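**Student:** Protein chains in written order, with this note's numbering: chain A, 144 to 255; chain B, 59 to 165.
In short, the hints are calculated from the structure, not lab data. Everything numeric in this text was worked out from a predicted model, so none of it was measured. C-beta: ideal position from N, C-alpha, C; glycine also. Possibly wrong hints are sitting among the right ones.
[Stated by the list, open to error] With a straight-line Cα cutoff of 35 Å, these simulated DSBU-like cross-link-like pairs (lysine-lysine) come out:
#1 B:K129 - A:K202
#2 B:K115 - A:K200
#3 A:K222 - B:K115
#4 A:K247 - B:K152
#5 A:K202 - B:K72
#6 A:K212 - A:K200
#7 A:K212 - B:K115
#8 A:K202 - A:K247
#9 B:K129 - A:K185
#10 A:K185 - A:K212
#11 B:K129 - B:K72
#12 A:K200 - A:K247
#13 A:K247 - A:K222
#14 A:K247 - A:K206
#15 B:K72 - B:K128
#16 A:K211 - A:K200
#17 A:K200 - B:K152
#18 B:K128 - A:K211
#19 A:K211 - A:K222
#20 B:K72 - B:K152
#21 A:K185 - B:K115
#22 A:K200 - B:K72
#23 B:K152 - A:K211
[To be verified] Taking CB as the label site, the calculated pair distances span:
#24 B:E110 - A:A220: 23 to 33 Å
#25 A:K185 - B:S76: 23 to 33 Å
#26 A:P151 - B:A114: 32 to 42 Å
#27 A:G172 - B:K72: 43 to 53 Å
#28 B:K72 - A:G197: 49 to 59 Å
#29 B:D84 - A:R174: 21 to 31 Å
#30 B:N86 - A:N254: 39 to 49 Å
#31 A:K206 - B:G98: 27 to 37 Å
#32 A:E144 - B:T163: 25 to 35 Å
#33 B:L127 - A:Q157: 43 to 53 Å
#34 B:K152 - A:D182: 36 to 46 Å
#35 A:H217 - B:F68: 30 to 40 Å
#36 A:R204 - B:E137: 16 to 26 Å
#37 A:K212 - B:K152: 22 to 32 Å
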Amino acid sequence: EDQVTQSPEALRLQEGESSSLNCSYTVSGLRGLFWYRQDPGKGPEFLFTLYSAGEEKEKERLKATLTKKESFLHITAPKPEDSATYLCAVQAAGGSNYKLTFGKGTLLTVNP
Amino acid sequence: NAGVTQTPKFRVLKTGQSMTLLCAQDMNHEYMYWYRQDPGMGLRLIHYSVGEGTTAKGEVPDGYNVSRLKKQNFLLGLESAAPSQTSVYFCASKGAFFGQGTRLTVV
Numbered sequence: 144e145d146q147v148t149q150s151p152e153a154l155r156l157q158e159g160e161s162s163s164l165n166c167s168y169t170v171s172g173l174r175g176l177f178w179y180r181q182d183p184g185k186g187p188e189f190l191f192t193l194y195s196a197g198e199e200k201e202k203e204r205l206k207a208t209l210t211k212k213e214s215f216l217h218i219t220a221p222k223p224e225d226s227a228t229y230l231c232a233v234q235a236a237g238g239s240n241y242k243l244t245f246g247k248g249t250l251l252t253v254n255p
Numbered sequence: 059n060a061g062v063t064q065t066p067k068f069r070v071l072k073t074g075q076s077m078t079l080l081c082a083q084d085m086n087h088e089y090m091y092w093y094r095q096d097p098g099m100g101l102r103l104i105h106y107s108v109g110e111g112t113t114a115k116g117e118v119p120d121g122y123n124v125s126r127l128k129k130q131n132f133l134l135g136l137e138s139a140a141p142s143q144t145s146v147y148f149c150a151s152k153g154a155f156f157g158q159g160t161r162l163t164v165v
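Produce the complete structure using the sequences and hints provided.
**Tutor:** See the structure below:
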């Protein structure tokens with residue numbers, strides 16, 4: 144059974160204080176690992192997909208990296224508008240349904 | 059280009075009532091999904107579809123039915139609503155594109 148564990152559950156940072164969120168996964172062959180941002184009362188907003196170990200992707204202050212067992216979402220010099228819940232999900236290789244298994248998320252709060 | 063649109067956005071049902079949630083996408087995607095999101099539980103897959111006329115069960119399908127009569131629409135039905143179905147429901151297409159959610163309360 145595919146499993147995704149995100150840590151920490153909640154993270155509070157000061158503006159400009161860089162940090163990382165972790166996503167550990169167990170899957171029988173990885174097709175893709177997804178990162179989303181979710182604001183209160185909204186649907187998840189797609190950020191990145193990573194497909195193979197060693198891959199990195201960047202978007203503004205966010206950088207996602209992938210190893211064979213985990214992914215990190217690095218946040219450099221965060222701003223208050225980066226406050227949100229960040230979700231990680233894995234898509235298993237094989238089969239034809241492309242369904243995702245989600246972690247429970249990390250609630251990030253950035254204080255000014 | 060609306061992306062993924064869910065209707066309604068909010069609904070209150072009485073126990074035993076039925077309702078249908080509609081998801082529409084304009085991106086011509088084959089794959090569509092229905093999730094529920096509950097505090098402390100994360101997003102859990104209810105049902106999904108890999109194309110028009112096809113549906114399959116996800117992780118928590120009991121009490122729900124779905125239909126995909128047209129490629130752009132994916133309907134989620136609650137046959138006899140229960141308080142345990144109080145949740146926020148999200149539709150997604152191709153895994154990456156989510157609607158804004160339907161907040162359902164069953165009293």
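**Student:** Starting from the hint list further up, note which numbers the structure goes against and sort them upward.
**Tutor:** 3, 5, 18, 22, 24, 34 and 36
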